[in-house]
Structure formats: C-alpha cells, structure tokens
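Taken in sequence, the protein lines are chains A and B. So for the first sequence, the numbering used here puts the first residue at 1; every next one is plus one. So for the second sequence, the numbering used here puts the first residue at 1; every next one is plus one.
Honestly, the hints are just simulated from the structure, not real lab data. Glycine is no exception: its CB is placed at the ideal position from the N, C-alpha and C atoms. Incorrect hints may have been included.
[To be verified] Chain B regions said to be covered by chain A (calculated; three or more residues, Cβ under 8 Å):
1. 29-41
2. 44-52
3. 59-69
4. 254-266
5. 309-322
There are 2 protein chains.
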Amino acid sequence: MNNPFAKRFDGVAGSAIRDIFKLLNVPGMISFAGGNPSDAALENELIAEISRDVLLRDGKKLLQYGATEGWPPYRAETARFLREEIGIAVEESQLLPTAGSTQAIDLLLKALIDEGDTVLVEGPSFLGTLQAMKLYGANTVSAPMDEDGLVLDRLEDAIRRHKPKLLYTVPNFQNPTGVTLASDRRRAIAAMAEQYNFIVAEDDPYRGLRYHGAPRPSIFSFDETDRVVYLTSFSKLISPGLRVGAAVTRDADLLRKLTVGKQSTDVHTPGITQAIVAEYLGRGLLAPHIGRICDRYRVQLSHMLDALDAFPEGVRATRPEGGLFVWVELPAGYDAVKLLPKAVEKGVAYVPGTHFYAGGGHENTLRLNFSNSEPHVIDKGMDILKTVVKEG
Amino acid sequence: MNNPFAKRFDGVAGSAIRDIFKLLNVPGMISFAGGNPSDAALENELIAEISRDVLLRDGKKLLQYGATEGWPPYRAETARFLREEIGIAVEESQLLPTAGSTQAIDLLLKALIDEGDTVLVEGPSFLGTLQAMKLYGANTVSAPMDEDGLVLDRLEDAIRRHKPKLLYTVPNFQNPTGVTLASDRRRAIAAMAEQYNFIVAEDDPYRGLRYHGAPRPSIFSFDETDRVVYLTSFSKLISPGLRVGAAVTRDADLLRKLTVGKQSTDVHTPGITQAIVAEYLGRGLLAPHIGRICDRYRVQLSHMLDALDAFPEGVRATRPEGGLFVWVELPAGYDAVKLLPKAVEKGVAYVPGTHFYAGGGHENTLRLNFSNSEPHVIDKGMDILKTVVKEG
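Hey, can you work out the whole structure from these sequences and the hints?
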C-alpha cells in the first residue's frame, strides 16, 4: 500500500517512548518510567462486586446506547466530587465524561485549534499532550517554569508575542516535574486569560495525591469569564484502566462543541465504567481510599528523595508535595538519553526529559516515577541509577 | 467567552438529529428512530457475572494502564471470531481494539485525510460517519446505490473524477437502507481499490444479524493488496454500551498510524470492557446468542414489512435480509421532515432520510428501525405512520 498518510502524522510517532514503555514488561526491570499507580492501590475485588451490583441493578441501561452527555449518576456524583472535594462550583450539566483527561485534551484541541494556532504549554510538559497537539497541527510554544510553576512575566511575554488560543497547564504536582503552581500565579493566570482572551486547560489529575502541605485553589475558581476548562480524572485515584474522567466548563457553547466532537469519536464513554465510578463515589469510598494511597506514596516519595540526596554533587531534583513524579537535572554535559541503555542494562528504566520539551533539548534531565515501585525497590533502583550517573 | 472555535466545526452540529433522539425518552413514544438493540437482547445478569469473574481473576491488570494495542485475550478472541465467524484470515497483531466502529472510522480519517481530500460514501450513508468526515474537512462525495448496493459503473465514474483516498461502505444490511452489497460487486470494489489506489473502509457491524439468505464474502477477503480495512463491532451483537469493536488491517504502517492516533485520543479501550467481550467470546456464548436475537429480529422485521405492504400506493420500501433498518421512499412531493412533527404528535418517531445524504435532498425518504420495538408495538406504530402518510 503506497497511499500517503495525512500530513498531521508528519514527524509524529515517538518510537523512543514506546520502546521505553515496552521495557516495563521485561521481568525484573525496575521501572521509574511509567505513570502507573501502584498495583496495590487497584481494588479489583471491591470493583468486581461494584461492577456486578451496578449491572444487576441498571444493566439494561448500562449495556444500551447511552447519551454522549453521560450516565446521569456519574454526572451527578462527579459534580458533587468537584464541588465538595475540589471546591469548584459546578452543576452536572457543565461537565462531559471523557476517557481520562487524555480524551478531554483531544476534544478541546478539536474544538479550538486550527492548523497553526498557538498553544502555550509549560516547559517541560506532558509528552502525551504534546503529541496530541502535533496531530492537530498546533504551534506549540513553551513557557518556562521555576519551583513555583509557570513564571508570570515570561508567560505574559509569550502570550503577547504568540497570541495563544489555549494555555495547557498541570497546576498540581505537574507531569513531568512534580512542581505545584503557586496560588497567586493561579489568580494571575485566570486574569490573563480574560485580558488576552484565551482558554486555559487546567489539567488536574493528581490533585488528590497530596502528601505534604495545603491544597491550593484551582485556577477555575478564580475564573470569572468562563475561560478556564477544568479537566479531572479518576485514573490516578481509582483506576487508569477504567478510562474515566471529565471536562468541566461553564461555557455552554464550548461544552456543546466538546460533546459533538466526542459523539463522532466514541459516541459515549462506556456505561459500565461510568457506573462503577459513580457507585464508588456514591458509597463514599474515595476519601478513605485516597487516604490509604497517599500514606503509601508519601513513603515511596520520601525513599526516592532520600536516595537522590546521595547522588553526586550537581544533581538537582524537585521536591514535590504530591503526585507521581520527581524531575532530575544532571549537571550540564550529562545526557539522559545516552545513559538510558546503560541504566536498562543494569535493570532500571526512566524517561529522558528531552521528550517532555516541545522543542527538544534539555538532554541532562529525566523523569522518575515513584508510585509504581515498593520502597525497597526504589532503594535498589536508585542505587543502580546513582552508579550509572557516577559512571557517566 | 468570544474565542472562535476551530473551523472544522463550521456547519457541524446536526441539532435536528439530536432533537429527534431526545424524543426516545418521551414516555410512550414508539421509536423507529434509533439504532438500538432490543433491551431483551442485553444480557445484564450474565454480563454482571462475567464482569465480576474477570475482575476477580485479572483485575489488577484490567484496572491498570493497558497497551493501546489492547488486552491480549481480547485481541486473540476477536481474531478467532474474525477467522471462524467472518471468514477473514487475520492474526491478532493485525487488529486494534476501538470504541465501536465509530472510533475506528475516526482513527482512519485521522490517519488518512487531509483537509479537502475526497472520501466516497454510499448515497445515502450513515450520518454519524458523515459528521466525522466533516470534522476532518473531507470532501465527501456520494456514489449511488440500487437494491444490490453501490452501482459499479457509477462508482468507477466517481473514482475517476474525484480520486478518493477512501471509500466508506457498509456492505451488509446497510445503515440506513438495509441493502446488502452483491458478492460480485465486492470483488470488483477490491479490484478497484488496487487499480485506483484508495483505501476501503468496510464497516460491518450488522453482519451477524442475518435473518434470510446466505452470508456473502467480505470485501476484505477479495483484497490482495492490503487496501481494505475491516471494521467490526460487538455493539449490535453483545452490547452497544460496552463500546467495543476493532479495526483490522494487514497494512502494518496503517495499523501503526491508527494506534498512535488512538494513543493520544483515549490511550486505550478500557480493560474491563475488552475483558468482558473476550470472556463472552471465549465461553462460546456468541453463536447461541446471535441465534436467539436473530429469531427475535426476524419476526420484528416481518411485522414492519407486512405493515409497509399496506401503505398507500407509491410508497416503496427496501426488503433487508438482516440488520436493524428498513428504508422507505414516499411518493415524490412528500416531505418526511415536515411529516415528522405530525408523527411525533401521534406518538411515533423516525429519522428523515435527508440527514443521511452528504448533500441533503431526498426529502421523501425516511429510515425505520425495527430492532428496538416488540412486534405489537411495531404494528401499532406503523398503523399510526400509515395514517400520517395518508394525511400527507
């Protein structure tokens, strides 16, 4: 077959990353590469019973075609979760169920972005989102971060120069850096969205996973002109394999575009997965579960940070208050891409940081995940990684 | 918010159809409008047990992130289904799980279509697909059908004139007409795909629902140059609410593009829905279930066709050998769009045929669904519809 593919695929197909993720299945490999929750956090016996219960009770509806707008109990429970746990004043009519926040981002790009339109992202940003932006032909521009997230004056410069249609940000325990956006910056970003007329995609899947410090208000809560779209997901809180999240917006026209876009993509999120999450929330299971997994991840994070303290001088790491990731900067001249095969050979995988930059570069950086390894495994893996870095 | 939306939404948002579907929830409304299986065909108690079983057995994996390429047992069982039930020689490595065939079409368009590229469709064609094509900026061109499907010389004319990148066809019990493509035409279409170098999307969700006559070989089975992509779905056979189907291609490059496209859309189809279908197939439940639902739908189809025989002279209807739909042509001058409010007022809903034509027109046509109404309800609804047509 010699039919050419659509131009949107030119330069897309990060095989580097896909090859890294294949390593996760190599027996004995210590993986700091993925973004997986701990297997211990996946309550399959409980969810087996919930799944049976909802199918026995509502199965005729759950197995039939459903509305793109979602399974009503899922909409109601998620709106309640957003109001009570996230502190966002929304009604169920203001949210659309999605396949994790991945689909929400895809639908937002579909609704807003013509080829060549500018999207601002954090530098570095989540590589899955960067790939989605490429597929929509977006002009992706990075704005720099410091230890409190996006740097406001640099962000405003970029906005003035590039006139973005969309700003994509992960405000809590960012992927890949683990950095949290300061509260005053959140307020300022909501104000900039109004002043310069762009949409903010506030992607917040990690918010519940806070191990230290106090929660910050969402950007959405500072938004008085309906320009912030809040993306939530139950992937890190209940299960990524269920593929359930939601896009939340007070702009009815935008919600309608997201809905029509979803309709011709998958018609609707499966009834059964929405119903499982709705029932899980309705039974009040989420808060105690989050308590338990935070206790687990807090210990794992602390093992990883302690190990990093023993790395050679000049190695810098973020100190996240939550989430799944720590970001490491090796001294200038180090190349995490070139070190990876050596690390893998010794049994440790990670993701080189360059893949998280829209424009590449930053070869001395890497992302480490701590949620999917037990503390003693983290100790062992970090010891190996230290040796690899030392040997350069 | 006054941000403009992406141009792809210009002229998209078929509110007419969405409004019709809202009627399905009006109590007492007899709906010939949707494409829903009978509620009686949805085995929620059985699927409740299967769901529990697979989660107890494999839940740690099903609830974790999975590969975009799919849950291995789903791939294996679906490949076996394709070989044994559909007669298609494929390996599991040649298929990608999708959210029904809707997502498969979306991913195919994403992989192949640049703005302005031509896609050939049957006239009339499935309106969901037509909307997806609009969102990709495709130049959608209809080729006419007769009672044996696409008319070959007219199709070849259109191919020569428009140089399509893709031909979309529903060969068995087409949506919306119920028409089945003749076997010799299938062979000819596979040959044209080679001669004129385009891809065929063979969308075949209704194949199992044959009530009369013998199965025809797939277009895929005549394809010697890997230009036919076969789309299957378990929506009409097991449950639409599960949102599980697959795209099948022997072209590894194309499969890779579909996979990368899916990755940034939803990462993967939920583990639980794939596992339910895999288990259902693995236990050998599909063949007897299809036998039972065909017995049911055969009776319903016959009630609808009998009722149509009593319609005023000049009313013509297709006589499908399977599927979910009958297509009706009223005499010239009738307008099914204008008749709809009258029918709805008397308690019957259908979809006007004009919505299934890429270029509109054909206001004297309508689509009737018979799978979601019991025989006595069909009798009653068709009686009402006959009166509405008579009163013009």
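Cross-check of the supplied hints:
With 5 residues having a Cβ less than 8 Å from any Cβ of chain A, the segment 29-41 of chain B passes the three-residue criterion, so the hint holds. Requiring three or more residues with a Cβ within less than 8 Å of a Cβ of chain A, the coverage given for the segment 44-52 of chain B holds, as 7 such residues are present. Residue count for the segment 59-69 of chain B with a Cβ under 8 Å from a Cβ of chain A: 8. That meets the three needed, and the coverage hint holds. Note: the segment 254-266 of chain B has 9 residues with beta-carbon separation from chain A under 8 Å; the three-residue rule is met and the coverage holds.
Note: the segment 309-322 of chain B has 0 residues with beta-carbon separation from chain A under 8 Å; the three-residue rule is not met and the coverage is violated.
Hint 5 alone, counting from the list given before, is not met by this structure.
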